[in-house]
Amino acid sequence: MARAVTTKRKALNTLFAWSIGLLIFFPILWTILTSFKTEAQAISDPPVFLFFDWTLENYSVVMERSNYMRFLWNSIFIAVGSTILGMIIAVPAAWSMAFVPSNRTKDILLWMLSTKMLPAVGVLYPIYLIFIKLGILDTRIGLTIILMLINLPIIIWMLYTYFKEIPGEILEAARMDGAGLGQEVLYVLTPMALPGIASTMLLNIILAWNEAFWTLNLTAAKAAPLTAFIASYSSPEGLFYAKLSAASTMAIAPILIMGWFSQKQLVRGLTFGAVK
Amino acid sequence: MGRITLNKVEKSFGDVKVIPPLDLEINEGEFVVFVGPSGCGKSTLLRLIAGLEDVSGGEIRIDDQNATELPPAKRGLAMVFQSYALYPHMSVRKNIAFPLRMAKMDKAEQDRRIENAARVLNLTDYLDRKPGQLSGGQRQRVAIGRAIVREPAAFLFDEPLSNLDAALRVGMRMEISELHKKLETTMVYVTHDQVEAMTMADKIVVLQAGVIEQVGSPLELYRAPRNRFVAGFIGSPKMNFVEGPEAAKHNAFCIGIRPEHIAVSRDGGDWVGTVGVAEHLGSDTFFHVTCDGFKDVMTIRAPGDVDFKYGDRVFLTPDLSQIHKFDDKGLRA
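Chains X and V are the protein sequences, given in the same order. Counted from 1, the first sequence has number 165 at position 165 by the working numbering; the numbering is strictly sequential. Counted from 1, the second sequence has number 1009 at position 9 by the working numbering; the numbering is strictly sequential.
Simulated from the structure, these hints should not be mistaken for laboratory data. Any given hint could be a false lead.
Stated by the list, open to error - DMTMM-like cross-link-like pairs, simulated, lysine to aspartate or glutamate; straight-line CA separation at most 20 Å:
#	chain 1	residue 1	chain 2	residue 2
1	V	1017	V	1063
2	V	1008	V	1053
3	V	1074	X	169
4	V	1094	X	39
5	V	1017	V	1030
6	V	1130	X	169
Using the sequences and the hints given, assemble the complete structure.
See below:
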């Protein structure tokens, strides 16, 4: 039953929601604004908000000083690659846990999630050494693999929840209709779980794109993605806020735009099954 | 085609034995109904035949071939589920075509069979709709269509009418019976509704706790139930049971007498009782009568125009030729 809400109450709620939204968005907005200021305006006290001399100078300096396109390509390769690789492993894993669970399935799920509670720095040394031994330090392949492993528990959990929502009888019907396991997954399960699969992939791309710890520690020059690109602007010779902001804006712009266009899909996917 | 033999088939889930070793013969072209209260193992038995569950022991033979280890797809059976289990992302046409597509049948033959099934099931106008745009009865017909295009050795129905409303259920019951007459294919049908079992079956299998209580034609089960469970389960309203001295008069531990085999009058009879609730169906009236000295309330079926009031004193007379006698183990004496 709907609860009666007065207009005043509604207005208050809206105001509250917008305040929270702006609060979350403010750092990003401030970074974008700062990227259009001169270095002097960027650190002026009191800070200037909108009324300053807008300039694109920082962007041209950043473009001149570093090869943005190479970082961008590395980021795209790593984010998309780790997502695809992760899906190839996660779809069968989630399928088996959702549709042929064993007594240990719940434990395995929890155990996988628990690996996310481990501080990453705790395994930095062993992984670093393994990467050297395997000769994949500072390679895109190496980063793709490590980011896939980092996010795999989350992908499997998400897919598992979506798959759980699909009635088992429909898959049994497919089996009765003569579908083998591959056909069952391809023609019935995947199309039905598509919203969930899409939002899982989107979320994973975003997570991989934003991942900084491993990308900074396991790359030098060749495979460095946009996170390393940002980090290269917090240099020991002093902070250049405006240029750092310009670099940050360039690094987050692609994912921000992608997120904006896919927000409907994301929200639908993340709340999938919440209401029957 | 369509002969199914169960040989000492059993099923356990962990330590729980759902179906103890069981034998059953389903003949070609027969309409067999598994009936029993919920949890009696009837659906499990059907799923064992389908191959959706693995047997814990025994052998399933389909057309004299050992099918025990075959996957569901290879058994040549088609199943209609309670929830219809249609593919929601496919049109009606694609749903019906799915098993044919899996069998890699050529397109022309696929179309011919789909058109044919659609005509038989009155679905021709709906072929391009999605299942979500159909009513419950139409969805059930699509599910049946998906089953018949394959021309299977046998059809398996798992409570296919439970999700439909009462009026539609009667209609679909007729349609399925009609289909069986037309196709002459073996059908195995699971239901908890004894009316469905009585009206549709050639052969009824009554199950309780995984055990077959009796197998027989509807009228055999009605006329000569093997034990008290079958006697109480088959027939509506339920059979009345009387224990104690009244039963001893007939040399039995317990006697059973169906509501339609008891005469009721104001003037005189064997038993005296007080009329309780009356259910008027128009054609018939069911009276619930509390007889003096009896433990349970008796149900009596009388013609629709018989008019007793709540609290009236009446006399009941059982038809002696229709009395069922049971011993203290509940078996027919």
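Outcome of the hint check:
| no. | hint | result |
| --- | --- | --- |
| 1 | 1017(V) to 1063(V) | 28 Å, violated |
| 2 | 1008(V) to 1053(V) | 16 Å, holds |
| 3 | 1074(V) to 169(X) | 18 Å, holds |
| 4 | 1094(V) to 39(X) | 64 Å, violated |
| 5 | 1017(V) to 1030(V) | 29 Å, violated |
| 6 | 1130(V) to 169(X) | 18 Å, holds |
Checked against the numbered hints above, the structure violates hints 1, 4 and 5; every other hint is satisfied.
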